[in-house]
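*Asks:* This is what each chain is made of:
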Amino acid sequence: AQSVTQPDIHITVSEGASLELRCNYSYGATPYLFWYVQSPGQGLQLLLKYFSGDTLVQGIKGFEAEFKRSQSSFNLRKPSVHWSDAAEYFCARGDAGNMLTFGGGTRLMVKP
Amino acid sequence: EPEVTQTPSHQVTQMGQEVILRCVPISNHLYFYWYRQILGQKVEFLVSFYNNEISEKSEIFDDQFSVERPDGSNFTLKIRSTKLEDSAMYFCASSERLAGSSGANVLTFGAGSRLTVL
Chain A
1 AQSVTQPDIH
11 ITVSEGASLE
21 LRCNYSYGAT
31 PYLFWYVQSP
41 GQGLQLLLKY
51 FSGDTLVQGI
61 KGFEAEFKRS
71 QSSFNLRKPS
81 VHWSDAAEYF
91 CARGDAGNML
101 TFGGGTRLMV
111 KP
Chain B
1 EPEVTQTPSH
11 QVTQMGQEVI
21 LRCVPISNHL
31 YFYWYRQILG
41 QKVEFLVSFY
51 NNEISEKSEI
61 FDDQFSVERP
71 DGSNFTLKIR
81 STKLEDSAMY
91 FCASSERLAG
101 SSGANVLTFG
111 AGSRLTVL
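If you read the protein sequences in the order shown, they are chains A and B. In terms of the working numbering, the first sequence opens at residue 1 and continues consecutively. In terms of the working numbering, the second sequence opens at residue 1 and continues consecutively.
In isolation and in its complexed conformation, chain B is listed as follows:
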């Protein structure tokens, strides 16, 4: 069964450092997402991406965050200068399509990248 893969599974970094989290979405999917879950809190939407541009983003996704699809297979989340409160599990997801009249998108999630900021 096709799956979304994420690397690294766990990253520890110092406050102020840049971090890049990587994701390989399912090959025929066109829509890509990042979500995060701070320990003990809800899974929260960060950003969605389609056709090489951001289609939607949440308030959390401020200027220190960026996303990129540098080649035909990878989808990355960059945090430019990490803060303590960025410590969380970051989930990448992909879907074939967006919500439309025939139903909502069905997302396939990766296993997550746990980021710990010291």
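The following block holds chain A by itself, in its conformation from the complex:
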């Protein structure tokens, strides 16, 4: 079965620092990859997606992610974190169907 791994359960960064959240996916046909963010009491909001083409994708709120086939990775980055970015982040893959497979999530905490 296809899988998605987010190695970091919790990450704490200082406000203004850079951020990288890791995501690895199991080998398979070119996956469709997504990052979602969940703030407390909110639903899963789509940050960005990769279907094909340029491997560096830009998303909302200043986030970007890079697809690296050789590493089976799709890491999420932000150059300067804001306190409002504190949330849980989910990486997900979609294959040739309508089911998404999610990673376990990474909870981001931001220190003042």
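Just so you know, the hints here were simulated from the structure itself, not pulled from any lab data. Quick caveat: nothing in here was measured; it's all calculated off a predicted structure. All the pointers check out, no bait thrown in.
Quick list of in silico lysine to aspartate or glutamate cross-link-like pairs, EDC-like style, CA-CA up to 20 Å:
#, chain 1, residue 1, chain 2, residue 2
1, B, Lys57, A, Asp95
2, A, Lys61, B, Glu1
3, B, Lys42, A, Asp8
4, A, Lys49, B, Glu96
5, A, Lys49, B, Glu3
6, A, Lys61, B, Glu3
7, B, Lys78, B, Glu18
8, B, Lys42, A, Glu88
9, A, Lys49, B, Glu1
10, B, Lys42, A, Asp95
11, A, Lys49, B, Glu44
Just a few of them, taken from the derived set where beta-carbon distance is under 10 Å, the chain B residues facing chain A:
#, residue
12, Glu3
13, Gln6
14, Ser9
15, Tyr33
16, Gln37
17, Gly40
18, Gln41
19, Val43
20, Glu44
21, Ser48
22, Phe91
23, Cys92
24, Thr108
25, Phe109
26, Gly110
27, Gly112
Virtual Cβ for every residue (Gly too), placed ideally from N, Cα, C.
For chain A, the structure is supplied; the task is to place chain B on it using the hints.
*Replies:* For chain B alone, coordinates are given in the frame of chain A:
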């Protein structure tokens, strides 16, 4: 911005009771989904629904679960006889289209309904 709305936000029920979770998908979306997240675990796919029938379902979606689109706007998940292990956050989602040659579906999720089974 269009959004998926879910009710109730939190429901507490006794084991063995029936529960109906409700969702109003985005109005021009045609594909509907339920996912769930047990506390501390991954978000898991339950079922997808299109054209008034289930298009895909996971092993979790057994006979005690059912989905329905009773009218033009609501999409419901019914759990016939709840068990303790059904306690979870249930997310409804909708999308305009299915995966195809031009890309995968992009799902819009609701805020979730937290179900607690005692």
